[in-house]
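Enquirer: With chain A fixed as given, assemble chain B onto it according to the hints.
Number of protein chains: 2
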Amino acid sequence: MKEVIEQLQEAIGPEKVFSSPIDLVAYSFDGTFEQHLPDVVVLPETTEDVAAVARIAAQHDVPIVPRGMSSGLAGGSIPVRGGIVLSLTRMNRILEIDEENMTATVEAGVVTADLQAEVEKLGLFYPPDPSSIKQSTIGGNVACNAGGPRCLKYGVTGNYVLGLTVVLADGRVLQTGGKAIKYVTGFNMNQFFVGSEGALGIITEVILRLICKPPYARTALVHFPRLEGASRSVHAVLTRGLVPATLELLDETAIECIEEAMQLGLPLDVEAIVLIETDGADEDSVNREIDAIADICLQTGASRVDVARGEEERAELWRARRSVSPSLARKAPNKLGEDITVPRSAIPEAVRRIKAIGARYGLPIVVFGHAGDGNLHPNILFDRRDAEQWAKIEPMVAEIFQVALDLGGTLSGEHGIGTFKLPYMREALGQASINIQWRVKQALDPQNILNPGKVLPEP
Amino acid sequence: MKEVIEQLQEAIGPEKVFSSPIDLVAYSFDGTFEQHLPDVVVLPETTEDVAAVARIAAQHDVPIVPRGMSSGLAGGSIPVRGGIVLSLTRMNRILEIDEENMTATVEAGVVTADLQAEVEKLGLFYPPDPSSIKQSTIGGNVACNAGGPRCLKYGVTGNYVLGLTVVLADGRVLQTGGKAIKYVTGFNMNQFFVGSEGALGIITEVILRLICKPPYARTALVHFPRLEGASRSVHAVLTRGLVPATLELLDETAIECIEEAMQLGLPLDVEAIVLIETDGADEDSVNREIDAIADICLQTGASRVDVARGEEERAELWRARRSVSPSLARKAPNKLGEDITVPRSAIPEAVRRIKAIGARYGLPIVVFGHAGDGNLHPNILFDRRDAEQWAKIEPMVAEIFQVALDLGGTLSGEHGIGTFKLPYMREALGQASINIQWRVKQALDPQNILNPGKVLPEP
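Top to bottom, those sequences are chains A and B.
Residue 523 in the working numbering sits at position 314 of the first sequence; the count goes up by one each step and never skips.
Residue 305 in the working numbering sits at position 96 of the second sequence; the count goes up by one each step and never skips.
There may be inaccurate statements among the hints.
Which copy? The list can't say, so a pair holds if one copy fits it or any two copies do.
Derived lysine to aspartate or glutamate pairs resembling DMTMM-like cross-links, with alpha carbons at most 25 Å apart [stated by the list, open to error]: (1) 564 x 309; (2) 601 x 520; (3) 422 x 491.
Since the hints were derived computationally from the structure, they do not count as laboratory data.
Next up, chain A with everything else stripped away, as it sits in the complex (with noise of 0.2 Å):
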């Protein structure tokens, strides 16, 4: 590795490569609780940077693990290979926001939350949501097809990819689409990188398309009694053609973790509780939304519907759902977050058979997601410093993916795959499909140093 360094050092200077043992241990980790130590930690400035890296990393056949912020919560971004940690957190410029089309082009690792306030500024808006907004990068969501509660209207982080620049495994530079909003030329190569998990190429520019911001936005606490009610609640706003931003989903266990941390004033006495946004450029028809998806509520299983008044009530309301994460931390010392999805109809059979996981195991399991995509996140809490419980969480997370994929979903609608879903991948897609995406990977990877040891188990 001595060689490599230096190689690296030489070719990008000598300032953009750590590997001191503190170096190495901050670029150990991610979101989860693993953890493995890379050789180097390299910080490229420019795509040329990366490239460069690359070349290095292909003639030696070391593996670079490209990252952002690392708040990714499937083990993705983690070196369990060691070798080349590339973080492109150096990368974080918005190098265009063209009002007139509508679009943004920016370095992988602007953090999203930093480009939509940015872009809002001239009232043009950059939907994904992801929870992680403030920390993790454009460059990271792309490489996840990162959600987010907005995504049920807006879409997805993939559906605003327009272009891409991609350094390959030999150091090639890639430019994939551009501003043109619809694209068919060539194989579809933008979306063949939009969650790819930097197995694939190392994104280091993305051409986004924004939407005009929406001025007007109500929001609405729905509580139900039984959570049938809830589902039933959301498919019928759905089949009436009715199309919320968000329709967030938070079980009686979640309610009950934000209620202990916060006192927002939450039901204590229903089985779930759904956050209901309606937006839009027309402040009388987003009213005339916000009622009218209350009303069905109210005929459907709602006990209650509380639209928020103003601004304050409205920012209070995403307050509480924003702060289930951290209120789950005070609730148990550690918890493992899943993000499974199913078809949106079996979200009830979802819920009711991983509540049973829990009660068997005796580790509570808080639900909640975004109930409208069928994405649900089982968070499953203990303590890890229990050796019992400890050694309870591999087989309960097993048992949520089978329930997953028992009714039709599949393990990941947001996180990736990382390393820690590969033992279910199988299971999953199948042996066929898993040979022909390694078909694939080989095709642009043929050393396997793009982010080796993730998404895909070994053939």
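Expert: Quick look at chain B alone, frame taken from chain A:
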């Protein structure tokens, strides 16, 4: 080929294999001028049939050219190297409409309008609406990532693809995706095949996302004395956060042709008209939206807005838009319709330059298209029997593509590359991108037997 034909007959049944001269001629062309005879035509009835055909083709190293109804406009389903034409038209069953999860599972050969009619009976909606909807198939739409007027608001075909069954070049059958709306399990295999024009795999089944049918719609015909005004209005509407279902532009030559053919009373003293439609679940909101758009247009360049009163007037307006192509056919014996996209702001400049090309060569070019998406269809009118005119077509098309590329656009927004646009691919994508796409192609189709001579120019 005799042995191939015999094996095909044995494998899938002689009633599905055709090789008489008349059969070969019937499957030798698409929606363009080009024609090339296949050696044999197969009409499989199941995915297993398709897999059997692929295995035989691989064994004998014979091309397979998949096709739906062959309404394509880029030569994508012409068997330019002979071999097996594989028509999916017998695989036209709607396998399931899942009302609760709002999905449809269909065979690739289902005609798009047939699917739309079926789901609309249930109050559901499949938005993509290429002009060919009454002929073209879902499989073909996926293979070209087809668009249409409504795609401004609702997105293109690829945005509705949740899952695919694909037969690979060696006869293996791959399932991608599923009914889950969000899916980040492994690489983005669904979108990998979207827009691949039959060159990466043969799509045999598709799981599509449906939405709720918007019960209300209002349509307006907006007169623009100057083309720039139309472009300004489109921009103004979209930057106010209004998202009409359609923003369809027709230039003065298109208007003239329609009027000549249909006498609908369209204005002949303007440079352009824009057909605008709003739709949604709330009648009042839909009305407010069309009124707001009308106001914006009048403030930014429109001389007149006629909002259709009642369904009959609305149907009349759509009849005008839909009769562009047939009207052109009355104006000249032949037309060549292109499909460029440009960043939205470049539309006036693109139209100006395209008109100049027409003037320079002395052949009229009609321009219409999806103004909100920057997707224009320049149509050259000519008489193929006139050798002098015919000789101009290729250089004119080349210049039109150059306009698109010079303005930051691309060669295709919804028709694909096929054979016709191959000569322009190097200029559009660069050799590096073409090389990388070839590697992807070779990973899945090492013998290059899937629709050879399409999408990618020889490396």
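Enquirer: Which hint numbers doesn't this structure obey?
Expert: 2
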